[in-house]
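Kindly generate the complete structure, drawing on both the sequences and the hints.
Protein chains in written order, with this note's numbering: chain A, 1319 to 2078; chain B, 1319 to 2078.
Hints may be right or wrong, so weigh each one.
Unchecked claim - Under 10 Å between C-beta atoms, here's a sample of chain A residues computed to sit facing chain B: (1) R1384; (2) I1744; (3) R1785; (4) R1790; (5) L1884; (6) R1939.
To be verified - A short, non-exhaustive set of chain A residues, derived as facing chain B with CB atoms under 7 Å: (7) G1386; (8) Y1395; (9) F1741; (10) R1912.
To be verified - With a straight-line cut-off of 20 Å between C-alpha atoms, the simulated SDA-like cross-links for lysine to any residue are: (11) A/K1713 - B/L1894; (12) A/K1389 - B/E1951; (13) B/K1971 - B/G2033; (14) A/K1713 - B/K1904; (15) A/K1792 - B/D1871; (16) A/K1904 - B/E1709; (17) A/K1667 - B/W1388; (18) A/K2046 - A/E2024; (19) B/K1904 - A/E2024; (20) A/K1389 - B/W1388.
I should point out that these hints are in silico values taken from the structure, not numbers from a laboratory. Idealized CB from N, CA, C, for every residue including glycine.
Number of protein chains: 2
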Amino acid sequence: MKKYLIEDAWCIIEDGFHPEFQEVSESIFSLGNGRFGGRGNFEEGYSGKTLPGAYFAGVYYPDVTRVGWWKNGYPEYFAKVLNGVHWIGLEIKIDGEKLDLATTPCTHFRRTLDMQQGLLQRSFEISPASGGTLSFAFERFCSMADPDVACIELRINSTGFTGRLEVTPFLDFDVHNRDANYGDQFWIAAKTSQDETHAMVSSKTKKTNFTVSSFMHTATTLNDHISIPSTGKRESKKVSNHFEAEIQDGSSLRCRKLVVNLNSLYVADADQPSEGKRKLSEVVQKGYDEIKREHIEAWKDIWDTADIQITGDLPAQQGIRFNIFQLWQTYTGKDARLNIGPKGFTGEKYGGSTYWDTEAYCIPFYLSTGDAGVARNLLVYRYLHLPKAIENASKLGFSDGAALYPMVTMNGEECHNEWEITFEEIHRNGAMVYAIYDYIRYTGDTSYLLEGGLEVMISICRFWKQRVNYSRDKNAWVMLGVTGPNEYENNVNNNWYTNYIARWCWQYTIEQIKWAAENHPVEWETIQEKLNYQDGESDDWRERIKGIYLPFDETRSVYLQQDGFLDKELQPVKALPSSDLPLNQKWSWDRILRSCYIKQADVLQGMYFFEDHFEADTVRRHFEFYEPMTVHESSLSPCVHAILASRLGMKDKATEMYHRTARLDLDDYNNDTEDGLHITSMAGTWMSVVRGFAGLRVIRDELHFEPSIPDEWDGLAFTVHFRGRIMKIAITKDECEVVLRSGSAIPVFVRGERRELNIE
Amino acid sequence: MKKYLIEDAWCIIEDGFHPEFQEVSESIFSLGNGRFGGRGNFEEGYSGKTLPGAYFAGVYYPDVTRVGWWKNGYPEYFAKVLNGVHWIGLEIKIDGEKLDLATTPCTHFRRTLDMQQGLLQRSFEISPASGGTLSFAFERFCSMADPDVACIELRINSTGFTGRLEVTPFLDFDVHNRDANYGDQFWIAAKTSQDETHAMVSSKTKKTNFTVSSFMHTATTLNDHISIPSTGKRESKKVSNHFEAEIQDGSSLRCRKLVVNLNSLYVADADQPSEGKRKLSEVVQKGYDEIKREHIEAWKDIWDTADIQITGDLPAQQGIRFNIFQLWQTYTGKDARLNIGPKGFTGEKYGGSTYWDTEAYCIPFYLSTGDAGVARNLLVYRYLHLPKAIENASKLGFSDGAALYPMVTMNGEECHNEWEITFEEIHRNGAMVYAIYDYIRYTGDTSYLLEGGLEVMISICRFWKQRVNYSRDKNAWVMLGVTGPNEYENNVNNNWYTNYIARWCWQYTIEQIKWAAENHPVEWETIQEKLNYQDGESDDWRERIKGIYLPFDETRSVYLQQDGFLDKELQPVKALPSSDLPLNQKWSWDRILRSCYIKQADVLQGMYFFEDHFEADTVRRHFEFYEPMTVHESSLSPCVHAILASRLGMKDKATEMYHRTARLDLDDYNNDTEDGLHITSMAGTWMSVVRGFAGLRVIRDELHFEPSIPDEWDGLAFTVHFRGRIMKIAITKDECEVVLRSGSAIPVFVRGERRELNIE
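Here it is in structure tokens:
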């Protein structure tokens, strides 16, 4: 837990330099624009503790899997998020001495992430040995208006200083990943080029052959009007432009670096040099100020429908905006080949891009805060990976077109290697279908079912069919050897959540097949042929729907997380000495496993997903049974509890749960922000607010709100997209006003009461 | 499966060179003397596929643990069996050309492992380019009479060849482990020394600071009487003596290399140079022939009580002698710091030295084939590790002196890192107590109880006490999250075997405490004080003895391997297509886990250990339930089934099971002999014969036999130690003769009938 940042509604501010938290700050001050981004590293370099990170969405490296004991079925490769070209570099020398805040004392340090405008600004002063003061001001952004472009501006002002200043903007491809197995580099030898109009460095990844090229144009002026000539320099992996000036008291120096980053997902390898130069000249033409204006405008558009206003609670206001800002930086929904990595552009940890977090937590966020195309692209992403999911299942012994989506993936191939997760945490397959359901009920757009959805759903149903077996002992279909969302249980039998969602997948798919057959017989026939789908298949599903085993305790009238759960010593988390927490740091793994303690919502995750299947009393009973045993050691856990607690009128519990993730990274709650931000769990926090405190639900195709905001808040306001409309919701302790901002008339329900909406 | 070796009662013979199986042969032709040993590498070097291996008992390297995903509690280091000084080296040049059987064609190749005399011999002929023939004959042994000493003799005869021969015996410490994490060497820079009387190379292990020094004296003679002078050469890690001679048709050259290998377990680092030289001069004094004579004599003594004679089945005869030979080469019972590594001196795979194999399989072998001191040293080994076992348990959250013995260890510290094994395959603790019980009932020597046994037992009982918890649901004590001997089930609840042996540990310990308190009150008080043992402790144990849960199926009247076993699809192995076997190569891990298939005896392991607790009918019912589902993919599995099948009169099944391991390595049954021999499972094969076909049992302190030999055998004869006596048993289809060879009169029981023994 750290509290060194200043609370502000729109900005994240570090006032005074905190070198001890530098890697944390690097994570927090990350920038991105959906296509590329990186950590808040210092432009001028930093010899202290730092994790350099510049990442390009979709550009990864399949490193060799490293395990102690190989298990059959493990993937050979593990896709790693790749640290790429260091494009922010801007070396500074004062009288020949390199500026380095690890060794050069500075004053008036302030760095600000202006989330409204998407700008990272940093200023500080130093006192050179020769006297006087130099003040520095950096500004940086990754353009949201043009995802190839980034800009950096540096201003240096002298007060009483006379001497030589050198600034050397550069591009450098001599980069490493911290998590490289053997310290090796993942890029093959770079190419550089340079002339008066540009400097370029380009490199290709080993194995995957992704090419990334970075281009820069730099201009430095003295006192805002005297242009300083530069000297170019090319090295094997680096290009730079060197500027030198003698300055005096009152002089200022301004250096602007305009960057174009291309990668081979968008521009073919061979075309990058020409396209980069073309683009760069266009950018130079446009100029820093105009690029910045367009960038700010683009952020304005995002905030217009994504913002949440919380009044009466500044930390909460700052926290939620930080989450929204980071989520939209990470994923803008324009490319179905991309997804939301757990650390986005803020770190390399966990590798891979996509977890089930996307389906369970991020899709609801993008459904409400963006237009339907954004979430749909996330569905299409999985459709594009369907052949790989079928291949993945077949590696594990499944046949007949059964699909198992990977636990972690970049290109559709599994790249995780813990048997209890990789092979057994198969509930993720259910989330794929749930996301389709969620998308359709939210947007009303059924077209995706015919354009990929049904294929995904049927392939998943085939997996579930083969994954259960008939237990003569139980006289029921059972699912053995799984790991549920609660990863503090491994290789259990009949995890309630997994069995339940498997059953639901069959049910929902049967319904949608019926819908397709009735309403779109031609398209359905094409799908049937493509999948070699036989009518008898759903009979097998129906048999399993009827007979699947759901562990239940008659005494308590609760569904059991898995077989044998009641054999555990059941005691609440509060019975533990606080020195035992967090369990994942204090207890050995076997002790965690045999304890009753729950890492992350499991039965409750199911009751959240399928809320309309359960009476409030049933949910309450389960909440009261499971929540006290839940340690929430996954940042994805509290939001589900916050939403359920809100529904159950347990406002204090809802608020408590909300607080556990609201400022997870800003306050470095788990002491791990230095590795990068918890991007996907930010969507969970958003859900706590919108689905929790505002109680947003889609029930029978209509939008409902059950508002109940925390006591310390005066008001909550936000905007949502829903079925082609945009509406604004303003909640106070007593009121809930919903206004239609665009789209045709539609009713909503507030606390069950139907309202026709006023148009803004 | 390979059948390239010649069947012979006492020898393993490769007739004609099989370079395609060279690494297999290197394993099979391994030599050792309990203190050091190594693979059957060629003295002259070999540029083809080869795994060089020279190992020193107790000398290991703790390499950094390598896992994909770290779990709390994993050990930081993994003790690796270390490839050490290459002391067999003897380079040969013919007219300046290096002899290398990978490139030099040879004829009349024959290599023989003479198990009776402990000699490795190899001969072949080559035809040099300059004409004529050279015949080569090597002989090598590691002295069983003096464990510091090894000898090599090379004879070269010329028929029609005239030219220059060079022989260069050397010692080389530039060695690697194949399983080094990053290809690094585990030895720090070597020292060498050399003068007319000796050559030496010495090196120290990184981290562990073990020193190994190898000394050699070499002599080469022409035509058996002309001594050839040598030229010494020292390099940084290597010393050699070079001999050169011009020879003619009919000439012969003989080179003898006498080696002394010292290591710091026996001679302090600083004393090794002087002690090595002293020892070497003693050895030189004695001479090759005398050393060899003493060595053969020592083997004669071992065979005198360890041999098994099988008549009418030559492959079986050869197989069982190979097993006995390898076991005695690996461990001679003279040093309680040593143990039986799963690969002995024949390979580096699996690292570590000691598994529960020692207690479950090897102790019975050494109890019968050696004097009581041998097995006792294996018990003392664990007593010496008790403090580490307590430390190990405390790392996992256990307290109050509870001990958990490691799954794999070299020095008492755990060095395995699969959570489902390391933390959960805790039944190994039961085997530690069982071995004490087994030792006492076999030898009648109770003194070990007071000299370590009770301390081990009480510490283990304390572990079991804390490892169970009370299930209100079952109204019983349960043990959650374990892996039984059947490692094809992980993290299960209430593994019958583990629960059963835990209960037995408490029962047996309570009995032995009572015995000690009554018979040795003074010693018992000392132990109590040392362990801070309170009388109330055993009350907790008693409560658990009474209430421990043992899963049972009323319908079939069988104990269930674990909770939920009946939920599986129960079908016999023979229902699988043979292309699915072995499962561990063909199926993904999750599929194996959720199947009913059993890797290794589990419930039956318990019924074998505690045979006298179960009626034959009960055992038969369990055998018939479990054995058909058992794939025996551990080489330790079949012997237990062979023994039980013999008891149940299922002679064909017993024979089938016996055949699965009898020639496991000689015929390379599992295609993995190249990694090294399955040393510990060799003890299992021995058990199949002696405890299976001969039906040897100790019942109420008396020795029983229930002989029933395979149909294809004419007779079976062997010798056993028992309670200070040595007796010889000779079994034919109809008869069973037992003769007392030494010791006082004692009755034995043959098929339940009491016999007074004739004295030989």
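Checked against the structure, which of the hints given earlier come out wrong? 6, 8 and 19
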